[in-house]
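Undergrad: Sequence:
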Amino acid sequence: MNIKLIFDDDLIRKYSSQGSNINFIIYLEHNNECYPDDKWYDFGDVVLGWWIMAFTRLLLGKEEETLLFMDGPYNISMKFDSENKYLILKPAKTSLTWRVSINNLYLELQRSCNKIKRKYLELNLSNERIESLNIGLKHLQSSYENYISKE
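Take the working numbering: the final residue in the sequence shown is number 197, and no numbers are missing along the way.
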């Protein structure tokens, strides 16, 4: 599974200059299927933060979580299959079922967060936005390391 991010620098600058949340293309792709679709605009850093928190709650023992999008009726239910050590993801309003390793989702969340950080640094966006991403990364890493240590 991949988290896809596509940036429009001018749009990012516009939202940032207005003090608004930053809008860019963000979606999930697995086995050549895109969800919600390959042109989905959302508040990417906010959404990614929600996904990190949902994933870490699963690592801490919650049985089911939801990966939310800001707009529309789109979400992905996520269950932990502890017997087989993978996640079962079911995108809403589809017949799709994705099986994803815990490590895969961890690495994708980490990679995506770092990619957004690099873009924000490149565009000289506020340190507050970058620090928020750093906090999310630290939380993700510590939760994952704690989970792995119990294996």
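Hint data in this document are derived by calculation from the structure and do not stem from the laboratory.
Treat the hints loosely; a few may be bogus.
Claimed, not checked - Below are the DSSO-like pairs computed for lysine-lysine, each with C-alpha atoms no more than 30 Å apart in a straight line:
{"#": "1", "residue 1": "Lys108", "residue 2": "Lys139"}
{"#": "2", "residue 1": "Lys108", "residue 2": "Lys196"}
{"#": "3", "residue 1": "Lys139", "residue 2": "Lys196"}
{"#": "4", "residue 1": "Lys125", "residue 2": "Lys60"}
{"#": "5", "residue 1": "Lys161", "residue 2": "Lys125"}
{"#": "6", "residue 1": "Lys163", "residue 2": "Lys136"}
{"#": "7", "residue 1": "Lys60", "residue 2": "Lys85"}
{"#": "8", "residue 1": "Lys60", "residue 2": "Lys165"}
{"#": "9", "residue 1": "Lys50", "residue 2": "Lys139"}
{"#": "10", "residue 1": "Lys108", "residue 2": "Lys163"}
{"#": "11", "residue 1": "Lys161", "residue 2": "Lys60"}
{"#": "12", "residue 1": "Lys165", "residue 2": "Lys50"}
{"#": "13", "residue 1": "Lys50", "residue 2": "Lys161"}
{"#": "14", "residue 1": "Lys125", "residue 2": "Lys196"}
{"#": "15", "residue 1": "Lys136", "residue 2": "Lys125"}
{"#": "16", "residue 1": "Lys60", "residue 2": "Lys136"}
{"#": "17", "residue 1": "Lys85", "residue 2": "Lys161"}
{"#": "18", "residue 1": "Lys131", "residue 2": "Lys165"}
{"#": "19", "residue 1": "Lys125", "residue 2": "Lys184"}
{"#": "20", "residue 1": "Lys131", "residue 2": "Lys196"}
{"#": "21", "residue 1": "Lys196", "residue 2": "Lys165"}
{"#": "22", "residue 1": "Lys161", "residue 2": "Lys184"}
What the hints assert, rightly or not - Here are the in silico distance ranges between beta carbons for each label pair:
{"#": "23", "residue 1": "Ser172", "residue 2": "Ser147", "range": "32 to 42 Å"}
{"#": "24", "residue 1": "Asn173", "residue 2": "Lys60", "range": "30 to 40 Å"}
{"#": "25", "residue 1": "Arg164", "residue 2": "Ile194", "range": "17 to 27 Å"}
{"#": "26", "residue 1": "Asp56", "residue 2": "Val146", "range": "31 to 41 Å"}
{"#": "27", "residue 1": "Ser147", "residue 2": "Thr112", "range": "18 to 28 Å"}
{"#": "28", "residue 1": "Lys50", "residue 2": "Leu167", "range": "14 to 24 Å"}
{"#": "29", "residue 1": "Ser147", "residue 2": "Gln64", "range": "35 to 45 Å"}
{"#": "30", "residue 1": "Lys184", "residue 2": "Gly107", "range": "13 to 23 Å"}
{"#": "31", "residue 1": "Lys60", "residue 2": "Asn130", "range": "15 to 25 Å"}
Where is the CB? At the ideal position from N, CA and C, for every residue including glycine.
Undergrad: Out of the numbered hints, which ones does the structure contradict?
TA: Numbers 3, 4, 16, 18, 21, 24, 31 - these are the hints that the structure violates, sorted from lowest upward.
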